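Novice: Given next are the chains, with one letter for each unit.
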Amino acid sequence: MASYNTSEFRKGLKVQLEGDPYIMIECNFVKPGKGQALYKCRLRNLLRGTVLDRTYKSGDSLEAAEIEEIQAQFLYRQQDNFVFMDNESYEQYELTAEQVDDAWKYLKEGMLCSIVLYNNAPISMTPPNHVVLRVEYCEPGAKGNTATNVTKPCKVDTGAEFPCPAFVNMGDLIKIDTRTGEYLERVKE
Amino acid sequence: MPSNDFRPTATWQNLQRRADLLRRLREFFDNRGFVEVETPILSADTVVDRHLDPFSIQIAPPGGAPHSATDGTSAQSASLADVPSAAKRPASNPQSEIQNPKSPASRPPSPAPHSSPASRLWLQTSPEFAMKRLLAAGGGRMYQVARVFRQDELGPLHNPEFTLVEWYQPGEDMAAGMELTSDLCEAILGRGPAERLSYAEAFDHFVGIDPLSIDNQQLVAAVKDCGIEPPASLDLNDRDVWLDLLMVDRIQPNLGVDRPTLLYGYPASQAALAQVQPGNPLVAERFELYVDGIELANGYHELLDPAELRRRNREVNAQRLADGKETLPEESRLLAAMKAGLPASVGVALGFDRLVMLALGARSVAEVMAFPIDRA
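Heads up: the sequence lines are chains A and B, in that order.
What the first sequence shows, in my numbering, is residues 1 to 189, in sequence order.
What the second sequence shows, in my numbering, is residues 1 to 376, in sequence order.
Isolated chain A, as found in the complex (with noise of 0.2 Å):
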């Protein structure tokens, strides 16, 4: 089993802890004077999201997580269910509503996600930083008014409403970046 000394460890390493993949999100190199040099490191586990801190001592070792990423493209919900294929291998995974938590709210069918597998199960997904959706429905754009600083609910044809200005009207494709939700632009065709 790989394992990372502490000379490795870094923001970002998967390590195995008490049984869980963790996720290294902060690890600060401390020496007290003459002493122990020690490494203070916030944890994150993979599954439930809980925050762990850590110290080790220089010489300390952590198992890797068998963990690994990859592109899948979205195929389509199953009642709580949503079905991914891994374009390279055509493997199917399915993620929970709660693994892929507030996502849903961007994913259109075909779209190329990133999955991370922990012991070969998939245990949450990203999807692309930008995305493009198409507005349902929203109330009737006020004709010349630019400003975006005025928004208004739009329902896009994922199920998902966005605020977004109040020129955007019915039919448009609207850009929104899936880290913050919000609306950056309207595009064409």
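A portion of the hints provided could be inaccurate.
What the hints assert, rightly or not - List of simulated lysine to aspartate or glutamate pairs, DMTMM-like, C-alpha gap at most 25 Å:
(1) A:108 x A:63
(2) A:11 x B:367
(3) A:152 x A:139
(4) B:224 x A:26
(5) A:40 x B:152
(6) A:188 x A:157
Bear in mind the hints are in silico, worked out from the structure with no lab data behind them.
On a predicted model such as this, the values are computed, not experimentally measured, just so you know.
Since the structure of chain A is already known, use the hints to place chain B on it.
Specialist: Only chain B this time, still in chain A's reference frame:
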């Protein structure tokens, strides 16, 4: 994408200000009658410390064996080969070095093989040994601005290669060393004279324990009471590391906040090269300077007794072995100097990069050094 890492991590303005600060620091010492000295960065001796890991290199001895490469088996015996200390190679074996068939054809003519094994030298973790040898030979007040090297020290406040300012005040005691340290800090940072706080007072105030008398079990309990998750690998009797956990978490961040703090009177087990307080075998005459929770300098009322240094070296090497580290040479020219007679003195080492960092309000040493290790 073209690589951008040829660029320095410090702005040109920061490098100019660094140069100004170095000039002011030299002025400070020059005005007080210190002589600036230079001593080898590469030495046969190295400080024997449990938590300091020096880099070493193999170096061919001067005037090695006569040239004898006549049969095309000339081994490439690099005169300056990096030898990772973790993978310590056995002394060079000519039989194993002439196996490289590509050597004569594909490489420029290489230096002659040496019949005597290359010797191992150490990149200095501080210029301490050499400067004390100067003291023992009659040197007076002296300072040095030295590049020093420490393995595996990397973070916002650490770079494996850094600049250390080290000085010695012969004939003076710890109080005088602390006073000069405070003056220097005030001259450069302008944050007032340093307050004095003993190690025991700090633990009493910030943790509520007596670090000198508390027993190991209570110490472990105190760490856990503070909500610190100790390393699982930590031995319950490894007292100093348990104290370090509290130091790093509960004490250091609070030191030097309103004004610089001089923390003094470390446990004798953390004396390193300091004397133990006369009449109090539990306390070492060692101090450190803190500003904004950052350790800036370390000072000793210097140990003079060679027998005691020998004993500490042995003890440190036993700990290093237990830590899974290689041992460091216990014999050194410093021991010879101490036998010849080292005058009583106080010596201090100060991290110059951190001093500049604090003076400029930077948050990492990388902001004040041109090329940290990942761009070196």
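Novice: Hints first: check each against the structure and report whether it holds.
Specialist: The hints, checked one at a time:
1. A:108 x A:63: At roughly 37 Å apart (the allowed maximum being 25 Å), residue 63 of chain A and residue 108 of chain A break the hint.
2. A:11 x B:367: 20 Å, holds
3. A:152 x A:139: 8 Å, holds
4. B:224 x A:26: At roughly 21 Å apart (the allowed maximum being 25 Å), residue 26 of chain A and residue 224 of chain B satisfy the hint.
5. A:40 x B:152: Given that 25 Å is the threshold and the Cα spacing comes to 15 Å, the pair holds.
6. A:188 x A:157: 16 Å, holds
Comparing the model with each numbered hint stated earlier shows that hint 1 is the single one that does not hold.
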